[in-house]
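**Q** Residue numbers (the UniProt record's numbering), protein chains in the order written: chain A, 1 to 398; chain B, 1 to 398; chain C, 1 to 398.
Where hints are given, some of them may not hold.
Copies of the same chain are indistinguishable here, so a pair counts whether it falls within one copy or spans any two.
Unchecked claim - Derived SDA-like pairs: lysine to any residue, alpha-carbon spacing no greater than 20 Å straight-line:
1. K52 with L11
2. K52 with P329
3. K67 with A6
4. K304 with P114
5. K65 with G22
6. K146 with A6
7. K67 with F83
8. K52 with Q275
9. K67 with G239
10. K146 with G4
11. K147 with A6
12. K67 with D2
13. K40 with G367
14. K146 with T3
15. K67 with W138
16. K354 with G4
17. K67 with G4
18. K67 with E90
19. K147 with V273
20. K52 with T224
21. K52 with E113
Simulated from the structure, these hints should not be mistaken for lab results. Remember, predicted model here, so these are calculated numbers, not experimental data.
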Amino acid sequence: MDTGTAYDLTLGEPLLDLAQVGRGTPYGEVLRRYWHPVAKVENATTRPIPVKILGEELILFRTRKGKVGLLHPRCIHRGASLFYGGVEDEGIRCCYHGWVFDPQGHCLEQPCEPELGLHRDRVRQPWYPVEERYGLLWAYLGDPAKKPLLPRYDTFENLADGEQLITDDSGVGGGGPALLDFNWLQHWENVLDPFHVPILHARFSGNQFTPEMALIPEVTYEYTERGVRSIQMRELGDGRSLRRVTEVMFPNMRVVASPKLSSGQTNMIGWVVPQDDTSFVIFTIARDTDPDFLRKLRSTHDGKSWASLTDEEHQRMPGDYEAQKSQGPISLHGEDHLTTTDQGVAMLRRMMAKQIRAVAQGGNPPGVIYDEADLVVPIEGGNYFEGDLVGASQTAQP
Amino acid sequence: MDTGTAYDLTLGEPLLDLAQVGRGTPYGEVLRRYWHPVAKVENATTRPIPVKILGEELILFRTRKGKVGLLHPRCIHRGASLFYGGVEDEGIRCCYHGWVFDPQGHCLEQPCEPELGLHRDRVRQPWYPVEERYGLLWAYLGDPAKKPLLPRYDTFENLADGEQLITDDSGVGGGGPALLDFNWLQHWENVLDPFHVPILHARFSGNQFTPEMALIPEVTYEYTERGVRSIQMRELGDGRSLRRVTEVMFPNMRVVASPKLSSGQTNMIGWVVPQDDTSFVIFTIARDTDPDFLRKLRSTHDGKSWASLTDEEHQRMPGDYEAQKSQGPISLHGEDHLTTTDQGVAMLRRMMAKQIRAVAQGGNPPGVIYDEADLVVPIEGGNYFEGDLVGASQTAQP
Amino acid sequence: MDTGTAYDLTLGEPLLDLAQVGRGTPYGEVLRRYWHPVAKVENATTRPIPVKILGEELILFRTRKGKVGLLHPRCIHRGASLFYGGVEDEGIRCCYHGWVFDPQGHCLEQPCEPELGLHRDRVRQPWYPVEERYGLLWAYLGDPAKKPLLPRYDTFENLADGEQLITDDSGVGGGGPALLDFNWLQHWENVLDPFHVPILHARFSGNQFTPEMALIPEVTYEYTERGVRSIQMRELGDGRSLRRVTEVMFPNMRVVASPKLSSGQTNMIGWVVPQDDTSFVIFTIARDTDPDFLRKLRSTHDGKSWASLTDEEHQRMPGDYEAQKSQGPISLHGEDHLTTTDQGVAMLRRMMAKQIRAVAQGGNPPGVIYDEADLVVPIEGGNYFEGDLVGASQTAQP
């Protein structure tokens, strides 16, 4: 008799506590304890744009005097969207009956009411605080009583002559659309999964990165003060070994050094920012002398860009996008069979569950900063080459 | 600490009792006490067309002998749609097994049954009564025991030489598609909202109408026998004042005189006809010597038609369509902050709630007519100029 | 007072017990007691393809050594889809971390694990058995303990010189897409509905078949060992009569002889294979000397193919697709008014309900074969001409 057929299959559940991002959801409340990038600085102008983050739809604009506002879109008066608002010196004017709100939601004017609104100070358009840093705009969507400082990162401080910060929000370097259409956690977990690299990115996709990345590494995982890291050792066969350190930092940061193996501390950090439970964007900041550094990192496949591949080529040369999206809109984590090589994923899930409990009990999750003395976060991720290069004839003897 | 942020936002609910239109819903049953326009007369032909109204899908056709039928689409025999039916002298024949139904749903023939159906008089295709008037076809979807007379309106009676009735079902004059894709009440309420005119239609959209309409009016509101009206006074600065009367009449009529300010009683009336809870059409009848009168009322924006505007231009020059649609598929009325200028909206909502109670208790809602003597409804809406025009030099002194 | 209007209409329910196909549904479990065609033989290659059947999504492929696999798409390791898998000699390799599964779901390799996975024999990718016959691939999705033999049909055995088997999965001959977008039962029931032929296929669609098929037949219905059949008698007016036998065989077979009236036992059989509750495909096998036999059966309408008709032409010349799809995504069977001419439909529904009870009680539904001696199923459907052709002058006298 046949065994193991799908006739008896019962499908496991997703870990919704970890995956969901909305207000009041377990991890959604952890995410709301941190600042998140919402747009590049240059995208906030006098033309309002819609922004979606953590399941919340908002309107972003910059007043004619230069202040950035991030407001609830539904005008508190009668509900027309501030997307159609007119931006003025001090705020944004609703198109329907002309109420004006400043970036903190104060109502400055009700033009059809007597004296422009005798009671206009009694209403408030819901808003969120926004700050600028490193070329991005950051918002805090959490409890005002717990608003932390907006962190700095040593990676991006003390630029040398000719260096600059570069920002990107165009998706996964290996391919896929700018707005990634599946649950963010599938991407974030992937950061602690070094073993997919030699399979997906070398064996399947024709070595997207470097020959060294095709080697199966020796990996150890460690909890850190701010998340989890993996240390991946590869013997390069030329007398050197490569120690590659990859970090995830709470609540959604990815510290992944260039897969093209530039040496030393990583020059870039990414933020995996959920729009809602089934879509996210990635904001990346890099420090380099070449303004095209991030653009040049994008993979090609048989010499073609991802967007120009046919369906058959997408199927034949899958990358992170295809693998992670095919896990489903929200992966059924309960179906996973985690093994020794999935230790990083397991550790991350445990730490997420632990922080959910900590936040629910009123504690602080890792890495929220309330003291200026702690403001600059040290970054350890990078590619570290060890040992001396030997001649090709000695390759076999480390 | 920040105050008024969206972190604590809890969203209010829509007033579904007023907004919903389906069979058995509170206002749906009020709507079903009246006749509604369903199509222009010329659209009922021997080619059946689908018609959707108050959440009900129906098939409209005209027999070869000229009678109009409005039938439930699902053939009572085996369920094929009468959309594919063949129209004959006396009725419509289902394509699947050939049953024939007349406009009252009587089954005239079952061609594959013995003697064309020995028991065909025991079945009935569900139907609704239809009447023609003023160039439109009107249907009554309510309790047959309470079917009122189909009203006449003084506006459209006793046409003078050269005058004609003109009909239109192509949407909002200011822009938008013919089928409006949001809840009908957002549009109907707008009729009692004179203050949006100087903001939305002048300040934002570049004065869609006339300079006079850009003035903020003095407004009073009154309950009438059949609904609510607003009386808007504008001092024109030339010695004259403009008294503009706008009416809503139950259950969904809009009596809005030309915003181009032709003088006297309005020459047009509109019906806001829900297809379902989130879409509606507007039927308008006008009386004029110019058959293009209604077409010429349609707004342009920087000289362009609405349909030819870019996304950026739609955002920059919003009109009724953009403002009302952006309130949501069904506006969250519970979120509104109504002020002195929203008195008309508040009065209308109260009167709707009152009529829901009246109908639920077996009473008649306003304006249903059972006596031929009451058949012609008087219309008061219009633009009334008062005072004498003075010379330009005296403009400042009314 | 008007009677019979739609105001009081309450809609009946679909017979979901008969219509639904998913795992655990009443008729879904009947369907799972049989083998079903899932693809043409030539469609299983080293490029995996998605297959959907009975509500289950699966991946079909053929190993480089020629074995066919039909696997659950979600890799049991971390959930990436095997659609992106690479097919090798013995199985398919997941793109994400490289686990390899054979067509029975055994895990052959876990390349990143020590020794390629010390415990890889403890996991199993869910799979279904597949067999090849008559140019199609057949899968069994049921309880392994009850797996029957894959039947043969006398129609397709002992091919003569020049004869061949022809397969088709491109939809209904009369028109419509290859993937039919409504409930499968609407199509299957239609097989036992001979009376729609003279109406839909002659009166409406301009005689899609032959003049003889436009005659309203005398019909008798009989239960058979494997389903229900209709015997349709038509006096041809030339001295001959036509006895046409049409069978449905459980659980979803259609035995319908050519409507172009080739004489004798039918040379083709169809399988109505649900993808899910609201879509299905039809697999047809025919035996003929002409490899284009099935293609040539497809109807034209005023000389045009179905796909090239305008919307107005589709409305004016409806066929099986339009009639059956217009019954709804799942027809509201409870609304039907079955009459004498619907006896075949009524008998089929009763027999389906009976088999649901039989299967639920552990019995075998009709036609499942466990004994090799019963393997070849006899087919009775066909067109049988009786009597002698007489001269045209004698036509009136049978």
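**Q** Give a verdict on every hint.
**A** Each hint tested on the structure:
no.: 1; hint: K52 with L11; in the structure: between (31 Å within a copy, 17 Å between copies)
no.: 2; hint: K52 with P329; in the structure: both (18 Å within a copy, 18 Å between copies)
no.: 3; hint: K67 with A6; in the structure: between (58 Å within a copy, 18 Å between copies)
no.: 4; hint: K304 with P114; in the structure: neither (63 Å within a copy, 36 Å between copies)
no.: 5; hint: K65 with G22; in the structure: neither (33 Å within a copy, 49 Å between copies)
no.: 6; hint: K146 with A6; in the structure: between (49 Å within a copy, 14 Å between copies)
no.: 7; hint: K67 with F83; in the structure: within (17 Å within a copy, 49 Å between copies)
no.: 8; hint: K52 with Q275; in the structure: within (5 Å within a copy, 31 Å between copies)
no.: 9; hint: K67 with G239; in the structure: neither (56 Å within a copy, 45 Å between copies)
no.: 10; hint: K146 with G4; in the structure: between (52 Å within a copy, 15 Å between copies)
no.: 11; hint: K147 with A6; in the structure: between (50 Å within a copy, 14 Å between copies)
no.: 12; hint: K67 with D2; in the structure: between (68 Å within a copy, 16 Å between copies)
no.: 13; hint: K40 with G367; in the structure: neither (23 Å within a copy, 58 Å between copies)
no.: 14; hint: K146 with T3; in the structure: between (55 Å within a copy, 12 Å between copies)
no.: 15; hint: K67 with W138; in the structure: within (13 Å within a copy, 55 Å between copies)
no.: 16; hint: K354 with G4; in the structure: neither (35 Å within a copy, 31 Å between copies)
no.: 17; hint: K67 with G4; in the structure: between (62 Å within a copy, 18 Å between copies)
no.: 18; hint: K67 with E90; in the structure: within (8 Å within a copy, 63 Å between copies)
no.: 19; hint: K147 with V273; in the structure: within (18 Å within a copy, 49 Å between copies)
no.: 20; hint: K52 with T224; in the structure: neither (31 Å within a copy, 45 Å between copies)
no.: 21; hint: K52 with E113; in the structure: neither (32 Å within a copy, 40 Å between copies)
The structure is inconsistent with the numbered hints 4, 5, 9, 13, 16, 20 and 21, although it conforms to all the rest.
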